[in-house]
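With chain A held as given, fit chain B onto it using these hints.
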Amino acid sequence: MSALTFTLKSQPKFTLDMSPLIPDGLQSLTLEKIKKLKLVYGKETVRVETLFTVKGDDKNTIIINKSCDKLICVGKEMSVGSITVKGNVGDFLGQSMKNGLITVVGNAGSWAGNGMSGGRINVEGNVADYTGAGLPGDAFGMTNGLINITGNAGDRVGDRMRRGIIIVRGKSGNFCGSRIHAGTIIVLDKVGKHPGEGMRRGTIILAKRPAHISATFKSCGNLKMQFLRLLFTQLSNMDNEFMFFSKYGPEAHRFSGDLARNGKGEILILQTMNKR
Amino acid sequence: MNINGVEIVDTFAEAFPMKATRIIITAMNLKWAYQAANAIRGFASSVIACGIEADIERELKPTETPDGRPGISVMIFAMSVKDLEKHVPTRVGQSVMTTATTACFSGLDSEQKVSMGKSLRFFGDGFQISKVINGKRFWRIPVMHGEFICEETTGVTKAIGGGNFLVLAKTARQGLAACEKAVDEIQKIPGVITAFPGGVVGSGSKVGSKYDFLTASTNEAYCPTLKGQVKSELSDDIGSVLEIVIDGLDEESINQAMREGIKAACSFGSAKGICSISAGNYGGNLGPHLFHLRKLLK
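In order, the protein sequences belong to chains A and B.
The first sequence begins at 1 in this note's numbering and counts up by one.
The second sequence begins at 1001 in this note's numbering and counts up by one.
Here chain B stands alone, though its shape is the one from the complex:
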């Protein structure tokens, strides 16, 4: 199978179960909402070392936010509810509460919840005020810019992490151009994020390492400089491999994101240096969610 001269390798992406939450950050204007959102998604590219994976899902109009101000929805993924419980309050506290004029709300309704304002209220040092409006509890924490308003908890749902595809190109410049377009398309789809910087992974990993203390290490089969030295998956003409990793709320949204992303990458065609599209898998041992490239593109 090929699209625009780009070969679609007969393989599959292997994804694994995660837990996710969505938070809504509002501010005086989008500029300051972005400041907070960018801060919270900083150092949140992979659960391997960051604890969570987070990214901006989309901008929200004032009519879509709880306080009628412009906002941004951010999705946060982790391996367990316990991890979310640990990281969400600290990140909201250090990244959102510290950003001027912001407020933070839950963007997901579910029975299972992790705390947000429930933990952060203590910053108010006894001057915090609780308000229950329409069945939801909000905390008003007096801060130097005025008041930081934060919903008590945010909902948690089952999710899927690690949907992915690899773009094999002649040069890094050509591969990156295709990936940028792919990420642009993926960002239009609700319920998915690409948590790595710019949505593109420059150093994709495999599970394990020769070193006992490492849980992940470089994926040598796709490193162009190791051709001839290891059992490589790359032909002679491939000089760069970039990966796009997608976390999503369900299989259907990841399917759609991979489909649109691959189509966008392939639109550059072989003429512009895109050789093939592959995917990262571990023989089906890592997770129960398998996304077969050819199947999802049919």
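Chain A with its partners taken away, still in its complex shape:
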């Protein structure tokens, strides 16, 4: 069986809602029926075959070739299988996804992982703002799952997230982890201003000291955090891709906060490497 592959014939002019093209929705359909599925394209609806060349028969494994940032809602509400996007992708990647795996070999737009409750998103490039965040009016951002960003992330990573893990291996913008209710955000390069602004609980782990921490965070000093040892060991065991976590030790400078909002969250700034 070969992966079900959608290859864009040409770059679309308008945003294209890709939410129907998830493994859950395609399982019972033949290739012909898949080609005739309708997608919302700008203000219109078009058939899949109008924009894509469709090949393959493994509906559990979807590949989107020659993708671009006009493709939005890729993997929306998926609960099984995998989607691999070759190229950039637009906003709302993996919105409300419940399980499965989305891999983007390129950059992703804003609101990646918005409302996700399980599964994993890998972005091998950069992401824009509001990764794992909740839309205005939503009670929470992501409520579980893992978002792994190899590149940089924009502002407000994990805004109002409730649970789950976001790993940013590059830089993160301003207000990283703003208003988070719980969950874990790890940033391995520089982070912008006001990390953890308004956080209630949850953990923000930073490999580099931020230029600015709000006055509403209180230093607890340098501590050996057994939790970090557990987290890094578990992440290293989870996937070979995360083996690099084994070089991080448990020692961190802990700031508790945001004291303006209950103060039960924490920012942990990693102090040492290779000292386990």
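Heads up, a few of these hints could be off.
DSSO-like mimics (lysine-lysine), calculated; alpha carbons at most 30 Å apart, straight line [said to hold, decoys possible]: (1) Lys1181(B) to Lys1061(B); (2) Lys247(A) to Lys1136(B); (3) Lys208(A) to Lys1136(B); (4) Lys1118(B) to Lys218(A); (5) Lys1031(B) to Lys247(A).
To be clear, the hints were calculated from the coordinates, so they are not data collected in a lab.
The following block gives chain B in isolation, referenced to the frame of chain A:
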């Protein structure tokens, strides 16, 4: 049948169904992991009065533990899930959480679970933090040594308790030497424990008593001092009987443990005072698992 001049009595050990869990205790180093493990297995020799039976299964390398520190796996057996639910959180709370630098994790995956951190988190008095990593929930409880990390639940599985054999020797010293070697061999086998002190029972019991309030009492048929007074199973030359009781996760592991244990005990031979190997049974009325000594040694 005899091994090294030691007679293997044609009888069987009778075991019964139990429920078991395995927990992993880690600490800054093995010394402190042992402190916690020894505390949790203290007063856990028999369900008759302790509620649970527990013992150290083996040491774990840092690569085998969830947090990458040295650890110890401890197995806990009880008659029901309800008993485990009652005893596991209290023992982990009083024995592991109170030991400096420790953390406690589940060592068994199963659908049925009993709470661990789920109950202990309240010790954090509102400052406890929950973390879900890789589908498992862990509790971070702030304590004076730093943080006590405990997995929310631990898995429960069906198990077997009461696999046993008796070492009949001329003297207690000779019997104990053979038993020590047997226990050493049994401890190499995964999935089994010998919960009694040192793995050896010095006062094996029978079911029931002349007293209504007792569920178990001394096994007079194997008491050397009662020879001539009761219907004894002991010949004149036997001066001491010691029992090794084995709890395990399945029949095969108990079979293997009994086989290796008996062979080790018999290696001392009749020349060193080991007369025979027998087993405790209650005519097949106690439990469905029968371990025939001669059959398992073939």
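Each hint tested on the structure:
1. A distance of roughly 24 Å separates the Cα atoms of Lys1181(B) and Lys1061(B); the hinted pair therefore holds under the 30 Å criterion.
2. Distance restraint check for Lys247(A) and Lys1136(B): the Cα-Cα separation of roughly 23 Å lies within the 30 Å cut-off, and the hinted pair is therefore satisfied.
3. The hinted pair formed by Lys208(A) and Lys1136(B) meets the criterion: a straight-line CA distance of about 28 Å does not exceed 30 Å.
4. For the hint linking Lys1118(B) to Lys218(A), the alpha-carbon distance of about 29 Å falls within 30 Å, and the restraint holds.
5. Taking the CA atoms of Lys1031(B) and Lys247(A), the gap is about 25 Å. The hint holds against a cut of 30 Å.
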